[in-house]
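Line by line, the protein sequences are chains A and B.
The numbering of the first sequence is the numbering used here, which starts it at 1 and goes up by one.
The numbering of the second sequence is the numbering used here, which starts it at 1 and goes up by one.
Since the hints were derived computationally from the structure, they do not count as laboratory data.
On a predicted model such as this, the values are computed, not experimentally measured, just so you know.
Ideal placement from N, C-alpha and C gives every residue a C-beta, glycine not left out.
One thing to keep in mind: the hints can contain errors.
Unchecked claim - Below are the SDA-like pairs computed for lysine to any residue, each with C-alpha atoms no more than 20 angstroms apart in a straight line:
{"#": "1", "chain 1": "B", "residue 1": "Lys274", "chain 2": "A", "residue 2": "Pro240"}
{"#": "2", "chain 1": "B", "residue 1": "Lys274", "chain 2": "A", "residue 2": "Gly241"}
{"#": "3", "chain 1": "B", "residue 1": "Lys274", "chain 2": "A", "residue 2": "Lys282"}
{"#": "4", "chain 1": "B", "residue 1": "Lys96", "chain 2": "A", "residue 2": "Lys282"}
{"#": "5", "chain 1": "A", "residue 1": "Lys274", "chain 2": "B", "residue 2": "Pro240"}
{"#": "6", "chain 1": "B", "residue 1": "Lys97", "chain 2": "B", "residue 2": "Leu75"}
{"#": "7", "chain 1": "B", "residue 1": "Lys274", "chain 2": "A", "residue 2": "Arg248"}
{"#": "8", "chain 1": "B", "residue 1": "Lys274", "chain 2": "A", "residue 2": "Lys274"}
{"#": "9", "chain 1": "A", "residue 1": "Lys282", "chain 2": "B", "residue 2": "Val176"}
Said to hold, decoys possible - Stretch-level coverage of chain B by chain A, calculated; a stretch enters the list once three of its residues show a Cβ under 8 angstroms from a Cβ in chain A:
{"#": "10", "stretch": "12-18"}
{"#": "11", "stretch": "171-184"}
{"#": "12", "stretch": "281-290"}
There are 2 protein chains.
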Amino acid sequence: MISGHIAIVGCGLVGRAWAIVFARAGREVRLFDAAPGAAEAARRQIERDLASLAQQGLIDRPEPILARIAIAATLAQALDGAAYAQENVFERLDIKKAVFAEIDRVIGSGTIVGSSSSGIPASAFTEGLRSQARYLVAHPVNPPYLIPVVELVPAPWTAPETVAEIRALMEAVGQVPVEMSREIEGFILNRLQAVLLMEAWRLVEEGYASAEDVDRTVSHGLGMRWAFMGPFETIDLNAPGGVADYARRLGPLYQRIAASRAQHKVWDEPLIAKVEAQRRAKLPADRLAERGEWRDRRLMALAIHKREAEREDEARAARDGGKAAP
Amino acid sequence: MISGHIAIVGCGLVGRAWAIVFARAGREVRLFDAAPGAAEAARRQIERDLASLAQQGLIDRPEPILARIAIAATLAQALDGAAYAQENVFERLDIKKAVFAEIDRVIGSGTIVGSSSSGIPASAFTEGLRSQARYLVAHPVNPPYLIPVVELVPAPWTAPETVAEIRALMEAVGQVPVEMSREIEGFILNRLQAVLLMEAWRLVEEGYASAEDVDRTVSHGLGMRWAFMGPFETIDLNAPGGVADYARRLGPLYQRIAASRAQHKVWDEPLIAKVEAQRRAKLPADRLAERGEWRDRRLMALAIHKREAEREDEARAARDGGKAAP
Chain A
1 MISGHIAIVG CGLVGRAWAI VFARAGREVR LFDAAPGAAE AARRQIERDL
51 ASLAQQGLID RPEPILARIA IAATLAQALD GAAYAQENVF ERLDIKKAVF
101 AEIDRVIGSG TIVGSSSSGI PASAFTEGLR SQARYLVAHP VNPPYLIPVV
151 ELVPAPWTAP ETVAEIRALM EAVGQVPVEM SREIEGFILN RLQAVLLMEA
201 WRLVEEGYAS AEDVDRTVSH GLGMRWAFMG PFETIDLNAP GGVADYARRL
251 GPLYQRIAAS RAQHKVWDEP LIAKVEAQRR AKLPADRLAE RGEWRDRRLM
301 ALAIHKREAE REDEARAARD GGKAAP
Chain B
1 MISGHIAIVG CGLVGRAWAI VFARAGREVR LFDAAPGAAE AARRQIERDL
51 ASLAQQGLID RPEPILARIA IAATLAQALD GAAYAQENVF ERLDIKKAVF
101 AEIDRVIGSG TIVGSSSSGI PASAFTEGLR SQARYLVAHP VNPPYLIPVV
151 ELVPAPWTAP ETVAEIRALM EAVGQVPVEM SREIEGFILN RLQAVLLMEA
201 WRLVEEGYAS AEDVDRTVSH GLGMRWAFMG PFETIDLNAP GGVADYARRL
251 GPLYQRIAAS RAQHKVWDEP LIAKVEAQRR AKLPADRLAE RGEWRDRRLM
301 ALAIHKREAE REDEARAARD GGKAAP
C-alpha cells in the first residue's frame, strides 16, 4: 500500500466527498482549490456533512476525521509528498488539460493521480506529460462515501503498476474499484445506465407505460436484485445450470428484443416534454432539492443496510468454518 | 375492491409464492394443481417457506396465514366464487391455451384471471374465449412476497375495468402493480434487463472489463440508486433543472453510445463460454444452490430494510404536517 497523504485537487461537491472517503479511512488529506477561499469553504461544508453522517450512524465521531483534513495554499504544497492525488476540477477538456499540465510540473516521483472525470478519457488530457504513466481516470459515483464503486480507466500509457497501486489504495479505504483494460466512452457505469435509459424513454414515447410505472418496475423489481448482485450473478442464479444455461434458454428472446430496437434514436424535445410533464406532475420543480435530501437519506440507510448484511454474511461464513460466501 | 377468495391455478414455485402473497394479506386462498398430490405438496412447502419468513421477521405468525390456504379438488371448485385467479402453469403456449380454455368453461361472471406468464402475451392464449375481457397477464418477479412489482399487460380485448380491479387488488395485498397500455415482447422489466445485459455481455466480449467488475459496477454503484428510485427519478434528481435539463445535457453522450452499438448482436457460444468460465471460477457449479439461498436471505433483508425506510418516510411526512414525500 502506498503511504503518504492524499491531495484533493478541486474542492467542489466531488472533491469534498473524496476528502471524506480518505479521511474517514484514517488518511491525512490536503485540500487545494485554485479559487480563493474555496478550500476553506469546502472544509466547512465537510464539517456539516460529517455531522450528518454521524447522526445517521455512518461514522462514529466527526472530530478526528475533520482533524485529518488540512488546507494547502498551493498545488505544489498539496502534492508535496503525496501518495495519491484525486483531481476533481470542472468537466471540460481545456480545464482538465491545464490542471494536469500544472500537476505535471510539480509532481514528485512517488505520487499517482486519478481524475474524477466522468466522461473525458485520461488520454485526452495526459498525453505527452512527463509523468503520464502515473495518471488515469478514477471515476466515482456521487457521493463516493455512500456509493463505493470507482471506475479505474487507464490511458494507453498508464503503467500497470499505477492501476495496481490505486486499486489497492481504493480497497484499503473501503471503496470498490473496478478496472477497465482500456478507454471507452461512458466507461462501464454510464454505458449500462445509457442503454437502460434509452429503452425506458422508448417505452414512454411509444405509450406502452408511464415514466412512473417504468420507475416502479425498477425500484420495486429489477433494482432490488441489482442492489446486491450484478446482472451476471443475477442470471447465474436464475437458471438451474447457471449463466450459460440462462444465456441459451433466453438467447432467442433477447435477440428479438435487440432486433426490435435496431433503429437507434435518443429522446427528442417532444419526448423530453412528455416525461418532464409526468415528472413535474409527480414532483414540482421547487421540490427537487427536498427530494434530493430524501434520496441522500435513503442512500445512507441503504449503505448501512448493505454494510450490516455483508457483516452478517461474513459472520455466517466464519460459523460455517471458513466456507466463505463467494 | 373485489371480494371473494383467490384461486391459485398451478402450484409450482410461482403459484406457491402467490399463495403466500394473498394469504399474508388476509385473503382466503384455494390451491389447485392438475397433477395429483401437487397442491398438497405445495401447501407443505408453503408451511416451510412461512416458517423461514417468520424467522427473518417478515411475518409475525405463520399459523393464521397457513390456515387461510385450502386445497381444491378440481379447477371448478377452485374457481367457484373466486374474486380472482392467478394462473401459474408451465410457460408453453399449448399448455397456457389448454388451461385457459378449461378456465373459460367453468368461470363465473365475478372472477378475473391473471396469468403469471413471463413472456407469452395474453392475446396468444385468450382469443375468442367467452370471458376474454376478464383475462390478462399479471407477471410477477420471483418471489412476489419479497419483490413486489407486478406487470399488468392486457390483451387487446381485456376490459379496462379488469385492469382497474386487478390493480386495486394487487395494491390491497401489498404488491406494486405497473400497467402497460398494450402488449410488447418482454414487457417492461425484461426489456430493461435485456438491454442492460446486452451491453454487459459486449463489454466482456470486447475485453473492456471482467464479468465480475461489471457486476460490481452495478451492485456497488448503479443498483444502489435503482433499488429505491427508478431510472427517471434518478436522472430527475441528477441535474439542477430535473429530467429535461439532464436529457439535454447528456443527450449527445447517449447518442454516441447508442451509435457505437448500432450493430446488434447477442452472445454467441465462445462468449457464453468466456463468461461461464469467469463465473465458475468465482462460484463452482455445485455451489449455485447455496448461493441461491444467500440471495434469498439478502432479498429478505433488503425487503425489511425497504419497508422500514418507507415507514420512516411516512412518519417524517406526518411530522412535517402532511407534506408527504412524493
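Status of the hints after comparison with the structure:
1. Lys274(B) x Pro240(A): 19 angstroms, holds
2. Lys274(B) x Gly241(A): Between Lys274(B) and Gly241(A) the Cα gap is close to 15 angstroms, so the pair holds against 20 angstroms.
3. Lys274(B) x Lys282(A): 44 angstroms, violated
4. Lys96(B) x Lys282(A): 38 angstroms, violated
5. Lys274(A) x Pro240(B): At roughly 19 angstroms apart (the allowed maximum being 20 angstroms), Pro240(B) and Lys274(A) satisfy the hint.
6. Lys97(B) x Leu75(B): 15 angstroms, holds
7. Lys274(B) x Arg248(A): 14 angstroms, holds
8. Lys274(B) x Lys274(A): Given pair Lys274(B), Lys274(A) is violated - Cα atoms ~42 angstroms apart, limit 20 angstroms.
9. Lys282(A) x Val176(B): 17 angstroms, holds
10. 12-18: violated (count 0)
11. 171-184: Since 7 is at least three, the answer is holds.
12. 281-290: holds (count 5)
Hint violations for this structure: numbers 3, 4, 8, 10, all remaining hints satisfied.
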